[in-house]
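Student: Below, each chain spelled out in residue letters.
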Amino acid sequence: MSKDWPLWEVFVRAKGGMSHRHVGSVHAPDPEIALRHARDTYTRRMEGISLWVVPSAQIVASDPADDAQNFDPAADKIYRHPTFYDIPDGITHI
Amino acid sequence: MYTTELSKNAPTATNVQALEDPAKLAAFEARVAADEFIEPKDWMPEAYRRTLTRQISQHAHSEIVGMLPEGNWISRAPSLRRKAILLAKVQDEAGHGLYLYSAAETLGTSRREMIEALHSGKAKYSTIFNYPTLTWADIGAIGWLVDGAAIMNQVPLQRTSYGPYARAMVRVCKEESFHQRQGYEICMAMMAGTADQQRMMQDAFNRWWWPSLMMFGPTDDNSPNTAQSMRWRIKRDTNDELRQKFVDITVPQAEAIGLTVPDADLVWNEAKNNGAGGYDFGAVDWDEFYAVVKGEGPVAKERMKARRDAWDNGAWVRDAAVAYAQKRNAREAQAA
Chain A
0 MSKDWPLWEV FVRAKGGMSH RHVGSVHAPD PEIALRHARD TYTRRMEGIS
50 LWVVPSAQIV ASDPADDAQN FDPAADKIYR HPTFYDIPDG ITHI
Chain B
0 MYTTELSKNA PTATNVQALE DPAKLAAFEA RVAADEFIEP KDWMPEAYRR
50 TLTRQISQHA HSEIVGMLPE GNWISRAPSL RRKAILLAKV QDEAGHGLYL
100 YSAAETLGTS RREMIEALHS GKAKYSTIFN YPTLTWADIG AIGWLVDGAA
150 IMNQVPLQRT SYGPYARAMV RVCKEESFHQ RQGYEICMAM MAGTADQQRM
200 MQDAFNRWWW PSLMMFGPTD DNSPNTAQSM RWRIKRDTND ELRQKFVDIT
250 VPQAEAIGLT VPDADLVWNE AKNNGAGGYD FGAVDWDEFY AVVKGEGPVA
300 KERMKARRDA WDNGAWVRDA AVAYAQKRNA REAQAA
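If you read the sequences in order, they're chains A and B.
Note that numbering that gives the first Met the number 0 has the first sequence beginning at 0, numbered continuously upward.
Note that numbering that gives the first Met the number 0 has the second sequence beginning at 0, numbered continuously upward.
Hints were generated in silico from the structure; no laboratory data involved.
Straight-line alpha carbon distances no greater than 30 Å define the calculated DSS-like cross-link-like pairs of lysine-lysine that follow:
#, chain 1, residue 1, chain 2, residue 2
1, A, 2, B, 121
2, B, 326, A, 2
3, B, 40, B, 173
4, B, 293, B, 304
5, B, 23, A, 76
6, B, 23, B, 40
7, B, 300, B, 82
8, A, 2, B, 304
9, B, 271, B, 244
10, B, 40, A, 2
11, B, 121, B, 40
12, B, 173, A, 14
13, B, 300, A, 2
14, B, 40, A, 76
15, B, 82, B, 304
16, B, 293, B, 121
Just chain A, with the same shape it has in the complex (with noise of 0.2 Å):
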C-alpha cells in the first residue's frame, strides 16, 4: 500500500470582513485537490466564501512547553493595560 496523501491545513473566511479561520485539516496530493476537499468537508452549508489550504508540514509551532516563557511575562509588564493608570474622577473620555 502507498503512503497517505500529504496532510493540509484548512482554514475558512466565514464572511466579509472577517479572517480565515483554522476549521480542520484534510488530505490532497496537489493544492488543486486539497481545496476540493476542504471545499467538499468544510463547505457544506455556506460555512464560508473563502478558503485557504496550507500544508501542515510547512506550520511552524510554538511548544506548550515553552507556554510561561512565550506568554506569561505580559503579567510582569501590568503597566501594557490601560487598567494601570489612575484617572481622576471627573475627567472623561480616556
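Here the structure of chain A is known, so what remains is to put chain B in place on it, guided by the hints.
Tutor: Only chain B this time, still in chain A's reference frame:
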C-alpha cells in the same frame, strides 16, 4: 452516528499510568479537572492518548460504515426530494468521518493505519450498522432513532477534554439535527399513509428500537472503563444515563405518530429521574450486542467487503492523483 467503548480488554489506565512521570500526570489531571482543553502538542498520559485514539477512530469508522446501510437506498428513494435529502445526509456522514479521522490523526496515528485496522477487522465500529436496511421505512427509522441516539451521545462530547475531538463534535452536532428530523419526517409520512405503509413502518421500528438502545453501550456495571473516561472528561455521562434520556425523549415521539414501542415492560415511573418521572424499560439482549461486536451481525461481512472493495477499486484514482502531482512537481522543478 457514534460508537461507545467496544473493547473489553482495553489497556486499563492504571497499568499504563504507573510508567508516567507523576508530576506531569498530576498537572495533566488538574488541567482536565479544571475543564481545560488538551491540545495535540500538550503532554498527555499514554493511556489518555490510546483511549482517545481508539474512541475517535471507532467513531470515525462508524460514520464511514454508517454510509452503507443508507447508501443502499439512495437509488431507490421514493421521490426526487427524498433522494436529494438522503444523498446530502450520506455525504454528511462522510464529512463526519473525515473530521474525526483528522482529529484522531493529531494523536499520532496515521489515517492509513486506522483504515487498515478497520479493513483487517481489528478496529471496531458501532454495532448498529451491522443490521440490514430492508425497506424504505428503515431509512426513516435510522434517521430518527440511530441519529437520535447519536445526538444524545455526541452533544456532551462537544465539551470533551481533547480539543480537536470537541471541535469535530461541534461541527457534527450542528449537522446531525437535520438527519434526525428528515428521518422522523419519513416516519410521519409512512404513518400517515396506507395500512401497508403503517405496517412497514412499525416493522422497521420494531427492528431498530433495541439496536438503538444498544448504541449507548453496555450497562454501567459492565462498563469498566467508564469511571476513568469520565474522570478524563473523555466521556461526560454514563451509558445508562444517556440510554434513559433517549428512551424518555423517544417514546412520546413514537406515540405521537401511532407507533408502538416493542417492549412489553415499558411503563411510566413517576419516581424516576429524581421525581421528574421516566420510563422503566425491558432488558436489552446483551448477548446479541456482544455477538454483533464480534462481527456476527446480520450483514457484518457484507459491510466490510463493501468497504474493502471501495478502497481497492479506488486505488488507481489515488495512484493517478499522486503520479500527476509528482509529474507536475518535477516539471516545475525543471522550469525553475
